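Following the hints, complete the assembly by docking chain B onto the known chain A.
Protein chains: 2
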Amino acid sequence: MKKITNSLKIFKIGGGIIDDQDQLNQFLEDFSKVEGAKILVHGGGKGATNQLKRMGIEPKMIDGRRITDAETLQVVVGFYAGITNKTIVAQLNKYNQNAIGLSGADANLINAVKRSVKDIDYGFAGDLKENSVNGKILNLLVENGNLPVVCAITHDGNGQLFNTNADTIASAIAKELAKNEEWEVELHFCFDKKGVMKNLEDESSLILEMDFEFYQELKADGIISDGMIPKLDNAFEVINSGVKSVYIQHASNVGNEIGTKLI
Amino acid sequence: MKKITNSLKIFKIGGGIIDDQDQLNQFLEDFSKVEGAKILVHGGGKGATNQLKRMGIEPKMIDGRRITDAETLQVVVGFYAGITNKTIVAQLNKYNQNAIGLSGADANLINAVKRSVKDIDYGFAGDLKENSVNGKILNLLVENGNLPVVCAITHDGNGQLFNTNADTIASAIAKELAKNEEWEVELHFCFDKKGVMKNLEDESSLILEMDFEFYQELKADGIISDGMIPKLDNAFEVINSGVKSVYIQHASNVGNEIGTKLI
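Note that the protein sequences, when read in sequence, are chains A and B. Going by the UniProt record's numbering, the first residue of the first sequence is number 1, and it counts up by one from there. Going by the UniProt record's numbering, the first residue of the second sequence is number 1, and it counts up by one from there.
Extracted from the complex, chain A is given alone in its bound form (with noise of 0.2 Å):
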């Protein structure tokens, strides 16, 4: 008997978006025609870094990544999961939505362990072990017709908030949902670019179609950027893990199949 599955797709946003009000505001309103059960992760973008240099602190950053200390994080939580989040869900519902904003701490949604120290001390950065992820709550919500809107700040279940990578969030909870068998997962990374390009400067050198082995041949070629690897090879890992596909796509093309698919 053929198995009855439900579609549902997880959208990741990141900061190039967020940043700018129109393109996010486009976002949302593209976002919420999309059918169907959905999720949406979002990162932060450059307002916590703005609010801390407007309050006299110099943010901490090494090799792109920040160092959260106890006061930075107070100001990280406010932004993600204050300004950012509540911002995103009072506009989804501008458009009926049901959203429902949640953290890694609400209903013990991702829990998370402090980044061990090696060369460098990352503070209050938060990594995901397997099983961060408590999926019931988020089937709870999705079943009862609400849209989960999911920020980038996790918990150690201990009372420790941490900064946590948006997409390994939005990996983590693809894969954790891909378990549930009434659901076929597809997971979206919604930026500034088209997708994967072949070549950055030309537009129409975007790659529509990539499976590992290709992956492990452009990366061989130095195609792929710096930047875009650790966001494949953790892509890949997704498809893996039993999520049906994954498309690197622009935020404008939310909505439609155009971007680079992972298979």
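Read the hints as simulated data drawn from the structure, not as lab findings. These numbers come from a predicted model, not from an experiment. Hints may contain errors.
Repeated chains share a single entry, so a pair holds when one copy, or any two copies, can fit it.
Lysine-lysine pairs mimicking DSSO-like chemistry, simulated, CA-CA at most 30 Å apart [what the hints assert, rightly or not]:
| no. | residue 1 | residue 2 |
| --- | --- | --- |
| 1 | 198 | 94 |
| 2 | 179 | 46 |
| 3 | 94 | 118 |
| 4 | 231 | 244 |
| 5 | 94 | 136 |
| 6 | 53 | 231 |
| 7 | 94 | 114 |
| 8 | 114 | 33 |
Using the frame of chain A, we list chain B on its own:
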């Protein structure tokens, strides 16, 4: 046949508790021991004001009420819905409370309207009308074994967030949930006094029980302080709306009935 109802206790804590890390942590530990279905509503304390000052923004207050311009709203949302709400949720989840943080925007929990401008323009201050509260999401979460933690941010359903009085929110939630015949609702206002005192200087002058008639007498005798009058007017309105009882207690008395009971 005797109707079976379950107890649902709604607790509201204010700035005096939130501003003191030790008091807040003690409250949360005590609160986690209260049995049965619970909801927590919280205000914001001085944190947002302090953060505004650090950003070089002088907070505007008239008669103790905040004027919330757009910039102030952002900081207030970040503090109340982000920092305070997620800190409380993370701490409660240390005690396995399955806490889930919500603002009024989340799942359209609380709908508000911008306070109309008469003498003073309060900016993005939200006032509640009848039927402002979406009881369904609270029922869903409480029945699922979660502890909703609601902050004092609301929305207009059209993308605009507001700053709203936390006592007003706690009362509106109590009144809405009291409509559900399944719940016997109690509302507890927890703050930094033992309850309503006949004489603020005399700790033993606690008024144990107060009905509306007695309240009017005390008001006429000038015994109720100005700050308490709106709280008590509000609390008696709640009693008249089907909520079983309202307590005004010191935060350290959460879990017992020491304080002023309104009937």
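Checked hints:
Taking the shortest alpha-carbon separations for residue 198 and residue 94, neither the intra-copy value of 39 Å nor the inter-copy value of 48 Å comes in at or below 30 Å. In this assembly of identical chains, residue 179 and residue 46 lie within 30 Å of each other by CA distance neither inside one copy nor across copies; the values are 34 Å within and 44 Å between. For a Cα distance limit of 30 Å, the shortest separation of residue 94 from residue 118 across copies, 28 Å, qualifies, whereas the shortest one inside one copy, 46 Å, does not. In the homo-oligomer, the alpha carbons of residue 231 and residue 244 lie at most 30 Å apart inside one protomer (17 Å), although the nearest pairing across protomers, at 55 Å, exceeds that limit.
In this assembly of identical chains, the alpha carbons of residue 94 and residue 136 lie at most 30 Å apart whether taken from the same copy (27 Å) or from different copies (19 Å). Proximity of residue 53 and residue 231 under a CA criterion of 30 Å is satisfied intra-copy only: 28 Å inside one chain copy versus 39 Å between copies. For the identical chains of this complex, residue 94 and residue 114 are inter-copy neighbours only, at 16 Å across copies versus 37 Å inside a copy, given an alpha-carbon limit of 30 Å. Within a single copy, residue 114 and residue 33 get their C-alpha atoms only as close as 38 Å, which misses the 30 Å cut-off; across copies the closest is 28 Å, which meets it.
In summary, the numbered hints that this structure violates are 1 and 2.
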